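Using the hints provided, position chain B relative to the given structure of chain A.
First to last, the sequence lines map onto chains A and B. Counting from 96, one number per residue, gives the positions in the first sequence under this note's numbering. Counting from 96, one number per residue, gives the positions in the second sequence under this note's numbering.
Since the hints were made in silico from the structure, they are not lab data.
Only part of the chain B face toward chain A is listed, based on derived beta-carbon distances under 7 Å:
1. Ala172
2. Ile179
3. Asn397
4. Leu422
Just so we're clear, the structure is a prediction, and the values are computed from it rather than from any experiment. No residue lacks a Cβ here, since even glycine has one placed at the ideal position from N, Cα and C.
There are 2 protein chains.
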Amino acid sequence: MYPTLMFTLQSTSSIGRRGNIRTAHGEIQTPFFMPVGTAGAMRGMTHEQLGELGAQILLCNTYHLHLQPGEETIAPAGGLHQFIHWKKPILTDSGGYQVFSMRHTSKIEDTGVHFRSHRDGTPLFLGPESAMRIQHALGADIIMCFDECPPSTAPRQDIEQAVDRTLLWAKQCKEWHKELCKKSAHVPLLFGIVQGGLERDLREKCAEELMAMDFDGYAIGGLAVGEGQEEMYGVLDAVCPLLPAEKPRYLMGVGTIPQLQNCVAKGVDMFDCVLPMRLARHGHLFLSDGSDIRLSHSKWKNAHEAIDAHSPSLLSRTHYKSYLHHLFKVHERLAETIACMQNLGMTLKTMQDLREQMND
Amino acid sequence: MYPTLMFTLQSTSSIGRRGNIRTAHGEIQTPFFMPVGTAGAMRGMTHEQLGELGAQILLCNTYHLHLQPGEETIAPAGGLHQFIHWKKPILTDSGGYQVFSMRHTSKIEDTGVHFRSHRDGTPLFLGPESAMRIQHALGADIIMCFDECPPSTAPRQDIEQAVDRTLLWAKQCKEWHKELCKKSAHVPLLFGIVQGGLERDLREKCAEELMAMDFDGYAIGGLAVGEGQEEMYGVLDAVCPLLPAEKPRYLMGVGTIPQLQNCVAKGVDMFDCVLPMRLARHGHLFLSDGSDIRLSHSKWKNAHEAIDAHSPSLLSRTHYKSYLHHLFKVHERLAETIACMQNLGMTLKTMQDLREQMND
Numbered sequence: 096m097y098p099t100l101m102f103t104l105q106s107t108s109s110i111g112r113r114g115n116i117r118t119a120h121g122e123i124q125t126p127f128f129m130p131v132g133t134a135g136a137m138r139g140m141t142h143e144q145l146g147e148l149g150a151q152i153l154l155c156n157t158y159h160l161h162l163q164p165g166e167e168t169i170a171p172a173g174g175l176h177q178f179i180h181w182k183k184p185i186l187t188d189s190g191g192y193q194v195f196s197m198r199h200t201s202k203i204e205d206t207g208v209h210f211r212s213h214r215d216g217t218p219l220f221l222g223p224e225s226a227m228r229i230q231h232a233l234g235a236d237i238i239m240c241f242d243e244c245p246p247s248t249a250p251r252q253d254i255e256q257a258v259d260r261t262l263l264w265a266k267q268c269k270e271w272h273k274e275l276c277k278k279s280a281h282v283p284l285l286f287g288i289v290q291g292g293l294e295r296d297l298r299e300k301c302a303e304e305l306m307a308m309d310f311d312g313y314a315i316g317g318l319a320v321g322e323g324q325e326e327m328y329g330v331l332d333a334v335c336p337l338l339p340a341e342k343p344r345y346l347m348g349v350g351t352i353p354q355l356q357n358c359v360a361k362g363v364d365m366f367d368c369v370l371p372m373r374l375a376r377h378g379h380l381f382l383s384d385g386s387d388i389r390l391s392h393s394k395w396k397n398a399h400e401a402i403d404a405h406s407p408s409l410l411s412r413t414h415y416k417s418y419l420h421h422l423f424k425v426h427e428r429l430a431e432t433i434a435c436m437q438n439l440g441m442t443l444k445t446m447q448d449l450r451e452q453m454n455d
Numbered sequence: 096m097y098p099t100l101m102f103t104l105q106s107t108s109s110i111g112r113r114g115n116i117r118t119a120h121g122e123i124q125t126p127f128f129m130p131v132g133t134a135g136a137m138r139g140m141t142h143e144q145l146g147e148l149g150a151q152i153l154l155c156n157t158y159h160l161h162l163q164p165g166e167e168t169i170a171p172a173g174g175l176h177q178f179i180h181w182k183k184p185i186l187t188d189s190g191g192y193q194v195f196s197m198r199h200t201s202k203i204e205d206t207g208v209h210f211r212s213h214r215d216g217t218p219l220f221l222g223p224e225s226a227m228r229i230q231h232a233l234g235a236d237i238i239m240c241f242d243e244c245p246p247s248t249a250p251r252q253d254i255e256q257a258v259d260r261t262l263l264w265a266k267q268c269k270e271w272h273k274e275l276c277k278k279s280a281h282v283p284l285l286f287g288i289v290q291g292g293l294e295r296d297l298r299e300k301c302a303e304e305l306m307a308m309d310f311d312g313y314a315i316g317g318l319a320v321g322e323g324q325e326e327m328y329g330v331l332d333a334v335c336p337l338l339p340a341e342k343p344r345y346l347m348g349v350g351t352i353p354q355l356q357n358c359v360a361k362g363v364d365m366f367d368c369v370l371p372m373r374l375a376r377h378g379h380l381f382l383s384d385g386s387d388i389r390l391s392h393s394k395w396k397n398a399h400e401a402i403d404a405h406s407p408s409l410l411s412r413t414h415y416k417s418y419l420h421h422l423f424k425v426h427e428r429l430a431e432t433i434a435c436m437q438n439l440g441m442t443l444k445t446m447q448d449l450r451e452q453m454n455d
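Just chain A, same shape as in the assembly (with noise of 0.2 Å):
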């Protein structure tokens, strides 16, 4: 068994918290940001250009790596780390936000989620003892509790529902856990999520009974599922004071580059979000000098000019504008991978830079 994994609490300031938590798989500096490997491989990138700009760690999902290739396969290769050829740490989800978006062909009883595959239509069923056998099996870093997560903007008595239910099985997955880690030779980190909509009231019961139970981290979910900002601002403004200063805090889903830094100075250390990938696909970069620009836009055709001459990534350093135009016009995947590396490459650039004005 490896020593308990642990998260240090270096400095707090009004940019954000700084720290660092140790796993077995390598230091990571907080905060920072976690690119999505859905199913082991970020879309059009390498691990090797994942580690060019710099991610300390590697976000997969559970609920995909259970349909394919299933932790039957991944246990064997020596988990998930082997099998991806990773070397870094690696987060899993618990899977239940894909399950709870298929909220029309899903069926949620006290003890889990009964579903169907998106694959083959397969049934399934998830819940907290199969959350955390499933995880433990992939051999993460850190893994998640499984939650019930309805949209933030469901009626107050589906939250208040789905905070018992997050309760439950909190509970649950820190018993199963716990069995779980007396077999394993690998203890992950494992996180509660704290639910509640836009009530505050239920946001700080669920807080408050998840950090009764004592947790190694605690995420925030549920949020940038379609509130406004200023209201997920607002829950997080009534969480954070919340959670002892010495756990590491995740808000699940976010965000936008000043997202990530407002959020930071809110006090929260961890972060993922698909978003900047997804907007790096049709054409939508972040620039070096705070701007955006739409690359499809014919203004481009003819920018023989540095997509950003200052970005993390050398691809956009070295490439033009008008270049980059052009491959998504005929469609070439190297257009999607020099996109992702810039936005991705800002994204993982601007945590790197909160943390250098904390140690300053």
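Structure of chain B alone, referenced to chain A:
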């Protein structure tokens, strides 16, 4: 004006011809294979990745670049090298092959071919003059005469007519090339293309008349388009001995690794082929032990072993077969990158090995 680009033949043996071609963008060691970067990019690969595999030169398609973004965009960028940020040599084809592969929608005249854009149906025309003007504007290091390329299985009279047009157009291309060189800071090598299908006498006639026009190199076109491998070798055995030793020889559209080895032995110096990449995209990989495997087969699901421990591609040395099988299953683009780098790496390595054998 740059000094005239030159071919130096260093040795000839039963393995093949060893030499080099000097261009304004550096020296190319012969024999060599050219990756096909259709519209100025290799599918699923960055230029850096191409460089890592030892690519010495990139082939780009005049037809595709003329349609999008157009030479009127590329020339002001400083030419194709600058536009795509590829610093090594580039060869452009004449556009003839693409135009003739749309035979049912194109109209062939003695002055050239009327056809419609595959992108938007715009009526277009390509002939010897425009092929030379476009290629000069693109600024490639090696350019090709506009030729008529009928199927090798076409009736003799069609082949005969194609040879006559190819010779007429070659003469006109040479004249236009001479004119364009006067105004150019950059003098590309111009290659004539030997047509004649499987008709030996027509191949001989075509080769001899082209040689009388004195080109910088000679290509053998209209092969690898449906005829048997032995028929292809037969044409090479008839044509290669006729061609001047001091000029490079380019077999267009070939081929597999054994074909490359055989054709080098027959005296060919240059090759291009999209087949290794197409096979890769379908999960068909060439390994360095000489075997080939289909990654889509379920037998690889649990094969937790390097794709190819002795591969020229780092990705294949570090990633598992089981992982690549999984990436193909979930349609992750990284599958294509890994597979293409394997097959292109093996193809380029084959040429490098042949060159080294000839150095010994």
